[in-house]
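Asker: Modelling step: build the complete structure from the supplied sequences, incorporating the hints.
These are the residues of each chain, in order.
Protein chains: 2
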Amino acid sequence: MERTNIAIVGLGTVGSGVAKLLLDHGDRTARHAGRTLWLKKAVVRDLAKPREIDLPAGVATDSLDDVINDPEISVVAQLIGGLEPARSIMLKLLESGKDIVTANKALLAEHGPELFTRARELGRSIAFEASVAGGIPIIANISQCLSANQICSLEGILNGTSNFIVTQMDEKGASYNDVVRKAQELGYAEADPAMDVDGTDAAQKLAILSHLAFGATVNWSEIPRIGIDGLDPDDLRYSRQLGYRIKLLALANLADDGLELSVAPTLVRIGTPLAEVRDAFNAIRVVGDAVGPVFYHGLGAGQMPTASAVVADLIDTAVGRTRLTFQTLEYFSIGQPPRAKLRDADTLVGRNYLRLNVANHPGTLASITTVLAKHQISIASVMQHEGENGATPLDSVPLVIMTHEATEGSAQAATREIESLDSITGPVVRLRVKD
Amino acid sequence: MERTNIAIVGLGTVGSGVAKLLLDHGDRTARHAGRTLWLKKAVVRDLAKPREIDLPAGVATDSLDDVINDPEISVVAQLIGGLEPARSIMLKLLESGKDIVTANKALLAEHGPELFTRARELGRSIAFEASVAGGIPIIANISQCLSANQICSLEGILNGTSNFIVTQMDEKGASYNDVVRKAQELGYAEADPAMDVDGTDAAQKLAILSHLAFGATVNWSEIPRIGIDGLDPDDLRYSRQLGYRIKLLALANLADDGLELSVAPTLVRIGTPLAEVRDAFNAIRVVGDAVGPVFYHGLGAGQMPTASAVVADLIDTAVGRTRLTFQTLEYFSIGQPPRAKLRDADTLVGRNYLRLNVANHPGTLASITTVLAKHQISIASVMQHEGENGATPLDSVPLVIMTHEATEGSAQAATREIESLDSITGPVVRLRVKD
Numbered sequence: 001m002e003r004t005n006i007a008i009v010g011l012g013t014v015g016s017g018v019a020k021l022l023l024d025h026g027d028r029t030a031r032h033a034g035r036t037l038w039l040k041k042a043v044v045r046d047l048a049k050p051r052e053i054d055l056p057a058g059v060a061t062d063s064l065d066d067v068i069n070d071p072e073i074s075v076v077a078q079l080i081g082g083l084e085p086a087r088s089i090m091l092k093l094l095e096s097g098k099d100i101v102t103a104n105k106a107l108l109a110e111h112g113p114e115l116f117t118r119a120r121e122l123g124r125s126i127a128f129e130a131s132v133a134g135g136i137p138i139i140a141n142i143s144q145c146l147s148a149n150q151i152c153s154l155e156g157i158l159n160g161t162s163n164f165i166v167t168q169m170d171e172k173g174a175s176y177n178d179v180v181r182k183a184q185e186l187g188y189a190e191a192d193p194a195m196d197v198d199g200t201d202a203a204q205k206l207a208i209l210s211h212l213a214f215g216a217t218v219n220w221s222e223i224p225r226i227g228i229d230g231l232d233p234d235d236l237r238y239s240r241q242l243g244y245r246i247k248l249l250a251l252a253n254l255a256d257d258g259l260e261l262s263v264a265p266t267l268v269r270i271g272t273p274l275a276e277v278r279d280a281f282n283a284i285r286v287v288g289d290a291v292g293p294v295f296y297h298g299l300g301a302g303q304m305p306t307a308s309a310v311v312a313d314l315i316d317t318a319v320g321r322t323r324l325t326f327q328t329l330e331y332f333s334i335g336q337p338p339r340a341k342l343r344d345a346d347t348l349v350g351r352n353y354l355r356l357n358v359a360n361h362p363g364t365l366a367s368i369t370t371v372l373a374k375h376q377i378s379i380a381s382v383m384q385h386e387g388e389n390g391a392t393p394l395d396s397v398p399l400v401i402m403t404h405e406a407t408e409g410s411a412q413a414a415t416r417e418i419e420s421l422d423s424i425t426g427p428v429v430r431l432r433v434k435d
Numbered sequence: 001m002e003r004t005n006i007a008i009v010g011l012g013t014v015g016s017g018v019a020k021l022l023l024d025h026g027d028r029t030a031r032h033a034g035r036t037l038w039l040k041k042a043v044v045r046d047l048a049k050p051r052e053i054d055l056p057a058g059v060a061t062d063s064l065d066d067v068i069n070d071p072e073i074s075v076v077a078q079l080i081g082g083l084e085p086a087r088s089i090m091l092k093l094l095e096s097g098k099d100i101v102t103a104n105k106a107l108l109a110e111h112g113p114e115l116f117t118r119a120r121e122l123g124r125s126i127a128f129e130a131s132v133a134g135g136i137p138i139i140a141n142i143s144q145c146l147s148a149n150q151i152c153s154l155e156g157i158l159n160g161t162s163n164f165i166v167t168q169m170d171e172k173g174a175s176y177n178d179v180v181r182k183a184q185e186l187g188y189a190e191a192d193p194a195m196d197v198d199g200t201d202a203a204q205k206l207a208i209l210s211h212l213a214f215g216a217t218v219n220w221s222e223i224p225r226i227g228i229d230g231l232d233p234d235d236l237r238y239s240r241q242l243g244y245r246i247k248l249l250a251l252a253n254l255a256d257d258g259l260e261l262s263v264a265p266t267l268v269r270i271g272t273p274l275a276e277v278r279d280a281f282n283a284i285r286v287v288g289d290a291v292g293p294v295f296y297h298g299l300g301a302g303q304m305p306t307a308s309a310v311v312a313d314l315i316d317t318a319v320g321r322t323r324l325t326f327q328t329l330e331y332f333s334i335g336q337p338p339r340a341k342l343r344d345a346d347t348l349v350g351r352n353y354l355r356l357n358v359a360n361h362p363g364t365l366a367s368i369t370t371v372l373a374k375h376q377i378s379i380a381s382v383m384q385h386e387g388e389n390g391a392t393p394l395d396s397v398p399l400v401i402m403t404h405e406a407t408e409g410s411a412q413a414a415t416r417e418i419e420s421l422d423s424i425t426g427p428v429v430r431l432r433v434k435d
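In the order they appear, the protein sequences are chains A and B.
Here the first sequence is numbered in the UniProt record's numbering, starting from 1 and rising by one per residue.
Here the second sequence is numbered in the UniProt record's numbering, starting from 1 and rising by one per residue.
A couple of the hints might just be wrong.
The list treats identical chains as one, so a pair stands whether inside a single copy or across any two.
[Said to hold, decoys possible] Straight-line distance between alpha carbons at most 30 Å, and here's what the computed BS3-like set of lysine-lysine pairs gives: (1) LYS172 / LYS434; (2) LYS341 / LYS20; (3) LYS434 / LYS20; (4) LYS49 / LYS341.
For the record, the hints were derived by calculation from the structure and aren't laboratory data.
Answerer: Following this line, the structure appears as structure tokens:
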């Protein structure tokens, strides 16, 4: 049987999972690839470090040159995270004639155009299924399986860490800080979870998906994003009382006047599929103009789900499918005009959840609703609980207002005006509501 | 731009949808295929029949020879249903050098080995994404996206007609016959819906998926199957009271001693994703040993969802990906040893829902539970309602028993024995329960 020689660069959690699949399940990969996928080299930083897998003799090396200078190695799983040296290593590998498989979404979100253009110049390919929603093969689904469609919208829970934290806060009533600590103990959150919880990771994934689905050439940093790091358990509780759960939702919506992209905690109606996505799972709902809605749900991260995506890409690359796809679809080409432009955020229309601390005296509700009316925002529901036992009429109490549809610009202006009222204490919490 | 000439054979509902996508959205298909997909011919039976789409002059023909004898046409969407003449036409097209895209699951389930072997001999390919669960790209997902996995199980709602009927019976409390009539009016059911409601269609789809996922070479007629045509609204109601919905579930489960395959109305716990699949939607839950559970949900049929799958296949075929996949994966090869064999049905283990009409007098429950105990079947819950107003103690009343896990053989034997008890009227309804 023909053999394709593979190298892994970076033998961390995912790299070890990939090595396991290649070493322990060669029959399986051979059956799907029509040839043996042979793990010839695995580049590690420190050869002395104990590892969870036993590599055959001669496979481990601490020299990237062992891969670069070996013409027999044609495909490399490049599994180093971060931007540098990941970027330089990928360029070197491409220049030495290797096809690349990667899981590094930050690298693609930041340097995609440079890397993809260089790969194309060199006649090489880059496969990146594992870069978004590990266990959900969303890259192949959007770029191949749904290729007969104009994608109309994408809604995704793309960051498993955030979803785990929000689920635990919601179901256990725990505070943000307590749940983050628990997530770190369980390995669901990094020591510094900032990129996950502030929406950066989800925005990077959304930028990649938007490029595939809409031809948008948007840098992830241009996507308006709010994380879950400021989320208050009170808002989870009030939302539930109103029939909603809060999810960190990445949203892409194509309209005549452009593309709406955003990442933000969003109220999602209980009973709809996205609201029921729990813990470290990811989910994506895609609407195509021919196929209608398609919903995907699976593990968003973790060693073996991500390794599953990497090995599927290794097989596709070895078979030759990846090269055909890569040559045909002009992914991230520099100079290619974008097919969709970002919409002006102020003109976006949506419903809002507002929570205010209001003075418990006559006229307060009237002054708030007058501001909303002035900005043409109509109210769908109001919820005001009595103060705690022993509260005096002068203490502030929480007031929750669900609005009907309003433009983002008017919702922002109304929020600022409400915050300036004398009867309001502290900032207004405003969250998006999806129907 | 390079051009791939396409023909459609059979311009019914799906064929017209495919023509629409090719004619109205050439830019879209060209972008994904890197070449123009040019609809050169559409073969119809009756040229005089009015059609929902306007074909360009010269495209419509009633002669298959116009396709067979045109060497410029390289890919054919063969969209004729049934076994003959669909089979002969497909063989003729393959022999004249065409690659085939088809939506005909009955043809593949019946003649797959013959057709695929012939295609392989001739160096041609057959793509068949549209044959199972139209809007869900499950063929590509199992054979490519999840190729790093041993698939452990598949659970699917694969027949939209049955799911529509069951959903309406459940939600509206309507009778089977009334809902079938409504489904026919809405176009969700054929004039003769037998193949849909008796489980044949789901079994044919399960046979195709099982071949891809497990290498099983099972004829669909060997798959134990029960349809929804005998379903009683009472069982939907009692199930709901117990926290379940009944779904026509196609199930494949790989165990050490073989593969379990079945299609049957099954109690699925409310709140789990499969239980929430409504009306004409399809859903499939796949568990892979690396990726874990992946859940897919989308429209199972209809003009444009199915056309979406056909056109994705046309693009893949034009690009050359299909040929690579087809050459590599030995789909349905005659003589290829199966990788998984069917398990002996008697040894399967599962929970059961039993509904009996019992005489409302002392000792009845004791006699039933004694039979169950004798067959080592333990009881999880019992529900017996009082008789209707005015019922005498001698009238029979329904008794519903949920069992713990038991082998299929012992459940069958116990059911027969219970049916022979004097205190039981009519047959025992036994349904599978999935946890």
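Asker: How do LYS434 and LYS20 come out at 30 Å by Cα distance, when the copy is not named: within, between, both, or neither?
Answerer: neither (41 Å within a copy, 32 Å between copies)
Asker: Up to 30 Å between alpha-carbons, please classify LYS341 paired with LYS20: within, between, both or neither.
Answerer: Between copies, since 27 Å is at most 30 Å while 43 Å is not.
Asker: At 30 Å max between alpha carbons, let me know whether LYS49 reaches LYS341 within a copy, between copies, both or neither.
Answerer: neither (48 Å within a copy, 44 Å between copies)
Asker: Evaluate LYS172 and LYS434 at a C-alpha cut-off of 30 Å and name the case that applies: within, between, both or neither.
Answerer: both (24 Å within a copy, 28 Å between copies)
In this structure, the hints that do not hold are numbers 3 and 4, in rising order.
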